[in-house]
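Asker: Each chain, letter by letter, is given below.
2 protein chains.
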Amino acid sequence: MHTFRVWAWWPRKVEVQAGHQRYAMRRGRDGWWTAKVASARPGTDYGFVLDGQGPFPDPRSAWQPKGVHGLSRLVDHRSFRWSDGGIQAQPLASAVIYELHIGTFTPEGTFEAAIEHLDHLVQLGVTHVELMPVNAFNGSRGWGYDGVDLFAVHPAYGDPDALRRLVNACHARGLAVLLDVVYNHLGPSGNYLGKYAPYFNSRYPTPWGPAVNFDGPQSDEVRRFFCDNALFWLRDYHFDGLRLDAVHAILDTSAEPFLEQLRREVKTLGAQLGRHPVLIPESDLNDPRLLWPPERGGFGLDAQWSDDFHHALHTVLTGERSGYYQDFGNLADLSQALRAAYVYDGRYSVHRRRRHGRSAAGLSGHRFVGYLQNHDQVGNRARGERMSKLVGLGRLKIGAALVLTSPFIPMLFMGEEWGASSPFQFFTDYPEPDLARAVREGRRKEFASFGWKTKDVPDPQARATFERSKLNWAERSRAPHAELLAWHRALIRLRGREPALTDGRLDLVQTRFDEAALWFVIKRGPVTVACNLAHRRQAVPVPAAPGEVLLASEDSIQLRAAGLKMPPDSVVIFRSQ
Amino acid sequence: MHTFRVWAWWPRKVEVQAGHQRYAMRRGRDGWWTAKVASARPGTDYGFVLDGQGPFPDPRSAWQPKGVHGLSRLVDHRSFRWSDGGIQAQPLASAVIYELHIGTFTPEGTFEAAIEHLDHLVQLGVTHVELMPVNAFNGSRGWGYDGVDLFAVHPAYGDPDALRRLVNACHARGLAVLLDVVYNHLGPSGNYLGKYAPYFNSRYPTPWGPAVNFDGPQSDEVRRFFCDNALFWLRDYHFDGLRLDAVHAILDTSAEPFLEQLRREVKTLGAQLGRHPVLIPESDLNDPRLLWPPERGGFGLDAQWSDDFHHALHTVLTGERSGYYQDFGNLADLSQALRAAYVYDGRYSVHRRRRHGRSAAGLSGHRFVGYLQNHDQVGNRARGERMSKLVGLGRLKIGAALVLTSPFIPMLFMGEEWGASSPFQFFTDYPEPDLARAVREGRRKEFASFGWKTKDVPDPQARATFERSKLNWAERSRAPHAELLAWHRALIRLRGREPALTDGRLDLVQTRFDEAALWFVIKRGPVTVACNLAHRRQAVPVPAAPGEVLLASEDSIQLRAAGLKMPPDSVVIFRSQ
Chain A
1 MHTFRVWAWW PRKVEVQAGH QRYAMRRGRD GWWTAKVASA RPGTDYGFVL DGQGPFPDPR
61 SAWQPKGVHG LSRLVDHRSF RWSDGGIQAQ PLASAVIYEL HIGTFTPEGT FEAAIEHLDH
121 LVQLGVTHVE LMPVNAFNGS RGWGYDGVDL FAVHPAYGDP DALRRLVNAC HARGLAVLLD
181 VVYNHLGPSG NYLGKYAPYF NSRYPTPWGP AVNFDGPQSD EVRRFFCDNA LFWLRDYHFD
241 GLRLDAVHAI LDTSAEPFLE QLRREVKTLG AQLGRHPVLI PESDLNDPRL LWPPERGGFG
301 LDAQWSDDFH HALHTVLTGE RSGYYQDFGN LADLSQALRA AYVYDGRYSV HRRRRHGRSA
361 AGLSGHRFVG YLQNHDQVGN RARGERMSKL VGLGRLKIGA ALVLTSPFIP MLFMGEEWGA
421 SSPFQFFTDY PEPDLARAVR EGRRKEFASF GWKTKDVPDP QARATFERSK LNWAERSRAP
481 HAELLAWHRA LIRLRGREPA LTDGRLDLVQ TRFDEAALWF VIKRGPVTVA CNLAHRRQAV
541 PVPAAPGEVL LASEDSIQLR AAGLKMPPDS VVIFRSQ
Chain B
578 MHTFRVWAWW PRKVEVQAGH QRYAMRRGRD GWWTAKVASA RPGTDYGFVL DGQGPFPDPR
638 SAWQPKGVHG LSRLVDHRSF RWSDGGIQAQ PLASAVIYEL HIGTFTPEGT FEAAIEHLDH
698 LVQLGVTHVE LMPVNAFNGS RGWGYDGVDL FAVHPAYGDP DALRRLVNAC HARGLAVLLD
758 VVYNHLGPSG NYLGKYAPYF NSRYPTPWGP AVNFDGPQSD EVRRFFCDNA LFWLRDYHFD
818 GLRLDAVHAI LDTSAEPFLE QLRREVKTLG AQLGRHPVLI PESDLNDPRL LWPPERGGFG
878 LDAQWSDDFH HALHTVLTGE RSGYYQDFGN LADLSQALRA AYVYDGRYSV HRRRRHGRSA
938 AGLSGHRFVG YLQNHDQVGN RARGERMSKL VGLGRLKIGA ALVLTSPFIP MLFMGEEWGA
998 SSPFQFFTDY PEPDLARAVR EGRRKEFASF GWKTKDVPDP QARATFERSK LNWAERSRAP
1058 HAELLAWHRA LIRLRGREPA LTDGRLDLVQ TRFDEAALWF VIKRGPVTVA CNLAHRRQAV
1118 PVPAAPGEVL LASEDSIQLR AAGLKMPPDS VVIFRSQ
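Quick note, the sequences are listed as chains A and B, same order. Using the numbering used here, the letters of the first sequence correspond one by one to residues 1 to 577. Using the numbering used here, the letters of the second sequence correspond one by one to residues 578 to 1154.
So here's chain A without its partners, still in its complex pose (with noise of 0.2 Å):
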């Protein structure tokens, strides 16, 4: 016996077909649906029939098998053994975060073949694994962010239980599971919710659709329906922590705004779990009130992603300019990134042709997520490329150095630790021709008007272009990347070693560059951080003199009472005397 529910508020019939059968539903005075079914148990597959149309998808659904057309499976989330009852996440203070993708981490791109490569992330020294999108959206390949059915897994990925075993098992190597989740916008394709009842709004547009009725007439369940999603993956899948994609789009002009209801609901719950969920909003706001505690008018959120870091990182380290790297490519702004977090807090911007952001002052450094690559960076590229393709070993070594010595949470992105040789593209799969042709059009456009012929772009619906995405695990063990691992490896245990790195206190970062001579040094207590990016070897004045060295990426690096003498791109760790 099961009790179908569902809230469809447009519809003025709804019934429920379960099995070859339906069945009627009775309406509640809010607009959600209930039928008792005797015959329908985990297993059952169902859909619902609106006024006579369908049967359509459960908005809710916990289990696509056959894809986000077609009827949704009555899933039992009690029955799965967990072993993982003890476990507590690390702190975000001292987490150092791995993001990957699915179905691109492995050949078969499965959560089960997850699992047998979770140990190298242990040996790593990473402590949280965080994963792109894995719920439900049309076609077999994608990143996951054009998805429909936020309540159920990917087929192509496995099914519900498959997931509960990739989180159990890094629960039980001591690795924490992040979740990436969507709740800006739907995906194009398989997209019913509109069907039911006032899911979208077409008041804000956002760049990838109507944006979600958070605000409107019947928002209040559609933010339930929300909500529930975070409390449903952190509840019955054990995730540590949400990841929220591009929450600037998300436009809601309520006294509560959806994300402070979000953070409320989740912190309960981790109360009631004893457990501590965290939120990691990914925003391009620059807007200290998404980390601000609820009493200084702010959403309470754990840490949210710093572009401005990786943007002041990745110019200096390739000198590029072009896009939104035009407003970065000083070594003030790395400066700058490194002890206020935010570059733009209310600079004027040449990018976006206005006044960007405001200081962060006062928070820590763990409320930001710092970090070289991530899927955006890499895989927004016309072609994908990881900054092992764009430079040198020496600076891949001072990339990481940087990263992992950073008053941040330090990110990685799946193979960024060996240097893969593999790119991270841009891949999708619809089946409908015309979303297919639109979005092939769409990203060859978006670079030609940078340059890119559209030969040389590759098309994202291509199986090629996701096969090419897949990591060589084989080549890790290779030089050089084989020397880019260890160097990680290193890092991150040094990291787990030297308390002054996962101090967050930023008003204690302490820098010093010059910008013509191309060297870098920051001085966090007792341990500093020497770059030469200069393509000469050259003296770096350091601010202590220096007495152990605890990394350096070369051998060649001389330390004397004054100062160092550096190889060109190379970067020493050491400790003052």
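There's no promise every hint is true.
[Stated by the list, open to error] Computed footprint of chain B on chain A; a stretch qualifies when at least three of its residues, placed anywhere within it, have a C-beta under 8 Å from a C-beta of chain B: (1) 60-71; (2) 251-258; (3) 285-299; (4) 560-572.
Keep in mind that the hints were calculated from the coordinates and are not lab data. The structure displayed is predicted, hence computed values, not measured ones. For every residue, glycine included, the Cβ atom is placed at its ideal position computed from N, Cα and C.
Put chain B on the given structure of chain A with help from the hints.
Answerer: Chain B in isolation, oriented as in the chain A frame:
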């Protein structure tokens, strides 16, 4: 000699036409163009020629003597002889505001004519005059919310110095002056701003057209325009504060939102001038963030209009329940309004079909403007009926008593004090036939949905609709107007005399009421206000033994130790023994 300056981001060539000559202007890096013209002086008519088209009016024109499509005229803002040197506006905590519309306040409808009626306001006892928008819009008649020249006075009301004479005359009588400004949109007719620069933002539509660009590219300069406008009225016209129209329609995702910047700049100007200009937003968000201080993550605005108090009071007095009034109607709502400002503080709103608002706990009643009537609540009715057309004298007196003894900043709408017999209808005067037709038909259609027949909805474009809305000053000395006027004067005097009535601490307001018997009692320290809203004489229990009667709407009210005996629709204010 005059240096013309204009921000013109779009055009590639800008000239100024001054007198009968055109002069080339020079573009600065930021899109500001300048030209020195030796022959230009106050009184010179001018316009800007954009890429050979025009001349168009100056976006910052201070005077459009020939209307919104005509040339701008240079104004000398420094020659006026102010005589209000030492005046300080009364703090809002002890203020009583009087809202008026220049065009209908007097038969002449001018600034000059308004001066002659200021003594009436002084005798009434109000402290602040609030002018509905006086900046230039197209046509001669209108409420003013479709203004397009934000720095220019509406020519039908008088010239810039006439407005100064009015402000000066108010100050001479100890009256402060507030100005209503519209920063959420511009009117549809005569709006040339879009030809100059990206003042508008198609991303967020408002009910009245494209939204102002407060957060897109070039928005710094757009924000400058609006901030400068606020500073201009405060500095160059000596206004004591601004009422900000419908700030919920200002959509702005900036880390420092426009309203916060505006507040900062206005307070800085105040400090420079040794004055305390106030900002009073209208907002339908029930969001205390508008009022919270910046340290609490708020915008720190001084006080907001309280529609919840209005709606609670209006529905109790009239029994009306249509449209947004469906969310109100109980004495419990009135009690909640008096004790918490927001009736909707997160509660579910049937009208909005979602939860609405959040708690205003901790905020003083002095952060809310309370009223029984205002231009919107009267004028947005199909026929613009005032309360005096809807209820009898007894209930008018109750309404006045509840507003003028409330913990809020009381506000009256012109003529309310004598129960003016003239309506305040919606009137416009668009010369464009299409726009005129659209407004006329839109108005009829809006009210047709409430069951109004076309012939019963006044034509907004008809001169008669405007004329009909003018106050009839002669009637105020006749019965029953004179009695109501005396009642208002007495209430305002009492408010000035009894510190308990201007105590803003909402948590000290005590109420008792009976929804069935229809009595309502408010206790504020030693002062009690008791109302009988029933159609029959009845005993009204009171929390403290009645002592001295301070004011009574009827002679037949009997005070006894055990309670009161009150005739229908009566109110008494007494001090406890």
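Asker: So which of those numbered hints doesn't the model satisfy?
Answerer: 1, 4
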